[in-house]
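Asker: These protein sequences, in sequence, are chains A and B.
Counting in numbering that gives the first Met the number 0, the first sequence tops out at residue 75, every number present.
Counting in numbering that gives the first Met the number 0, the second sequence tops out at residue 250, every number present.
Worth flagging that the hints you see were computed from the coordinates, not collected in a lab.
There could be a bad hint or two in this list.
Said to hold, decoys possible - Short derived list, chain B residues pointing at chain A, Cβ under 10 Å:
#, residue
1, Gly23
2, Asp29
3, Leu44
4, Tyr50
5, Ala170
6, Pro176
7, Thr188
8, Ala221
For each residue, glycine too, the CB sits at the ideal point set by N, CA and C.
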Amino acid sequence: MRRILSPFMGSSTRAWRGLLLASMLLAVAASCMPMTITNQPIPPTAAPAPRPTPAQPLTLTLLHTNDTWGYLRPCG
Amino acid sequence: MARRATRIAEARAASPNILLLDAGDSLVGDQDPALKTQGRTSVELMNRLGYDAMALGPKDLALGLQTLRARMVETRFAFLSANALEKATGKPVATPYIVREFAGYRVAIIGLSGSEDTAKGTTEIVVQDPLAIIQALVPQVAQQADVIILLSHAGLEVDQRIADTVPGIAAIVSGGPGAQAAPIVSAVTGTPIYHADAASAGHAGRLLGAGTLVVNPGGALASQTWQLWSLGPEVADDPAVAAWAAEQLGQ
Numbered sequence: 000m001r002r003i004l005s006p007f008m009g010s011s012t013r014a015w016r017g018l019l020l021a022s023m024l025l026a027v028a029a030s031c032m033p034m035t036i037t038n039q040p041i042p043p044t045a046a047p048a049p050r051p052t053p054a055q056p057l058t059l060t061l062l063h064t065n066d067t068w069g070y071l072r073p074c075g
Numbered sequence: 000m001a002r003r004a005t006r007i008a009e010a011r012a013a014s015p016n017i018l019l020l021d022a023g024d025s026l027v028g029d030q031d032p033a034l035k036t037q038g039r040t041s042v043e044l045m046n047r048l049g050y051d052a053m054a055l056g057p058k059d060l061a062l063g064l065q066t067l068r069a070r071m072v073e074t075r076f077a078f079l080s081a082n083a084l085e086k087a088t089g090k091p092v093a094t095p096y097i098v099r100e101f102a103g104y105r106v107a108i109i110g111l112s113g114s115e116d117t118a119k120g121t122t123e124i125v126v127q128d129p130l131a132i133i134q135a136l137v138p139q140v141a142q143q144a145d146v147i148i149l150l151s152h153a154g155l156e157v158d159q160r161i162a163d164t165v166p167g168i169a170a171i172v173s174g175g176p177g178a179q180a181a182p183i184v185s186a187v188t189g190t191p192i193y194h195a196d197a198a199s200a201g202h203a204g205r206l207l208g209a210g211t212l213v214v215n216p217g218g219a220l221a222s223q224t225w226q227l228w229s230l231g232p233e234v235a236d237d238p239a240v241a242a243w244a245a246e247q248l249g250q
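Can you make the complete structure from the sequences, with help from the hints?
Answerer: Pasting the structure below:
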């Protein structure tokens, strides 16, 4: 008669051992998954997002003086 | 300068994209209170008017490092020079350039000092060749800005050489001798040179230049116009600035 290994049926010690083994196998398999991922090409470090190009032209006014010599008067 | 304040306020009311610049030699000249205060009243005036940046000219550099540092603490705008260095350390005397943003455009303003006469006033500062410095600096600044403005007291001849040989400058605002009634526009690059005024004893700061640049989304200069505003009696005084000036002159 075949014995069914189950934590819920039959020898509880053997069943729990089986469950533990299965868990370990699952953990090992899970630990291999990142290796699989890293075998794929690694994307480059994300570059800064490009600045959006302004849609409209810029109108910029340059008000300017020079050589005012710190005059307060006579002075415009 | 009370009239200048009025004109500046009018321009600001008409457009949101304004830079207020000075091309140098504006801290001291031959009169008090600027002389007596070693430029402190000049800085206070420029703070009141809301200047963005000023290039350091030879008269400014001649104040010496200690005084310039004292003035820098007082400014709410930038002293600029890409080529004035402390002789002892080789460090820049002032910030080489600043970047401001207008409507999504990054606008850099580079300052340039003249190489002549500076040594007469101070032995602490050395001024490097402006053309060589700007040729090296503009490509670097272009990585960080869409528009480059040069604020120069290097002299009109040097400014013309820069305009002809250094692409990527939208406009040069010039100081020193050689004021022009109209912009000089480089036939090579299309860069305009604006030079508003030339000072002489008893005559300084009576003109205000207004250059309007239209820049395409790619950063290229599409068009430019320029006006020279005389600040005669037809322009009303700004009352607050006039009162402040009267107070300073009464000291």
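Asker: Now tell me if each hint is right for this structure.
Answerer: Hints, one by one, checked against the model:
no. : hint   : result
1   : Gly23  : 6 Å, holds
2   : Asp29  : 7 Å, holds
3   : Leu44  : 7 Å, holds
4   : Tyr50  : 9 Å, holds
5   : Ala170 : 6 Å, holds
6   : Pro176 : 9 Å, holds
7   : Thr188 : 17 Å, violated
8   : Ala221 : 6 Å, holds
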